[in-house]
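*Asks:* Chain by chain, the residues run as shown.
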Amino acid sequence: NAGVTQTPKFQVLKTGQSMTLQCAQDMNHNSMYWYRQDPGMGLRLIYYSASEGTTDKGEVPNGYNVSRLNKREFSLRLESAAPSQTSVYFCASSELSPGGSEQYFGPGTRLTVT
Amino acid sequence: AQSVTQLDSQVPVFEEAPVELRCNYSSSVSVYLFWYVQYPNQGLQLLLKYLSGSTLVKGINGFEAEFNKSQTSFHLRKPSVHISDTAEYFCAVSRTGGFKTIFGAGTRLFVKA
Numbered sequence: 002n003a004g005v006t007q008t009p010k011f012q013v014l015k016t017g018q019s020m021t022l023q024c025a026q027d028m029n030h031n032s033m034y035w036y037r038q039d040p041g042m043g044l045r046l047i048y049y050s051a052s053e054g055t056t057d058k059g060e061v062p063n064g065y066n067v068s069r070l071n072k073r074e075f076s077l078r079l080e081s082a083a084p085s086q087t088s089v090y091f092c093a094s095s096e097l098s099p100g101g102s103e104q105y106f107g108p109g110t111r112l113t114v115t
Numbered sequence: 002a003q004s005v006t007q008l009d010s011q012v013p014v015f016e017e018a019p020v021e022l023r024c025n026y027s028s029s030v031s032v033y034l035f036w037y038v039q040y041p042n043q044g045l046q047l048l049l050k051y052l053s054g055s056t057l058v059k060g061i062n063g064f065e066a067e068f069n070k071s072q073t074s075f076h077l078r079k080p081s082v083h084i085s086d087t088a089e090y091f092c093a094v095s096r097t098g099g100f101k102t103i104f105g106a107g108t109r110l111f112v113k114a
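Protein sequence lines correspond, in order, to chains H and D.
Per our numbering, numbering through the first sequence is continuous, rising by one, with the last residue being 115.
Per our numbering, numbering through the second sequence is continuous, rising by one, with the last residue being 114.
Isolated chain H (complex conformation) (with noise of 0.2 Å):
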């Protein structure tokens, strides 16, 4: 099992350029989530992904949007780029509900926005 991926590994846009990132999971799990990684900030969550179908905004949505593509692929989006978009970005996974149960995180996205 793989996992959870992530593509890109690495991106460098220019302040107002589009990208998405791809999320993908092989444990059949139905919850999924992106999350943002600022130093001195922990983990704060964008979207999540209750099950396939659904989607629901976190703490910091603004300048995202995502697609859960079918049970396995969730992406994100962001359609104009702002410096303050510059961190890392996790992708993640769990059974039904994180309440009570772990989440499994891709590896990251680095992106810079310049």
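It cannot be assumed that every hint is accurate.
Stated by the list, open to error - Derived contacts from chain D toward chain H, CB cut-off under 8 Å, selection only: (1) K50; (2) G54; (3) S55; (4) I61; (5) F68; (6) K101.
Derived by calculation from the structure, the hints in this document are not laboratory data.
A virtual CB, placed ideally from N, CA and C, is assigned to each residue, including glycine.
Chain H is already provided as a structure; the job is to place chain D on it using the hints.
*Replies:* Here is chain D on its own, set in the frame of chain H:
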């Protein structure tokens, strides 16, 4: 709403010494508590979790944590650390039945030879 405070941003310690990483949380409802570890340039992985039952929870790599409801704390301990324990450690809380997990800001553990 839940919140998590990790009381130390960095903890330097010598190899084979004991270590405690402190975590306090606040919540008006029942919660689950977690500790995750992040090695350089990697994602997070679970060290241990408290769901219910015994307040002393044992995890991987010799770590343990104690849930203290009266002090709303969930401190992580290891009696003897190794160089390989150098990493960032995150305390996290989620509401029972909820979908959102709140992470603390992290504590960087440096183990020196």
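*Asks:* Confirm or reject each hint.
*Replies:* Hint by hint, here is what the structure shows:
A least Cβ separation of about 7 Å between K50 (chain D) and chain H falls short of the 8 Å threshold, and the interface hint therefore holds. Checking G54 (chain D) against chain H: minimum C-beta separation of about 12 Å lies over 8 Å; hint violated. Checking S55 (chain D) against chain H by beta carbon gives a least distance of about 15 Å; that is not within 8 Å, so the hint is violated. A cut of 8 Å between beta carbons decides the hint on I61 (chain D): the least distance to chain H is about 12 Å, and the hint is violated.
Checking F68 (chain D) against chain H: minimum C-beta separation of about 14 Å lies over 8 Å; hint violated. Interface hint status for K101 (chain D): upheld, as the beta-carbon distance to the closest one in chain H is roughly 6 Å, under 8 Å.
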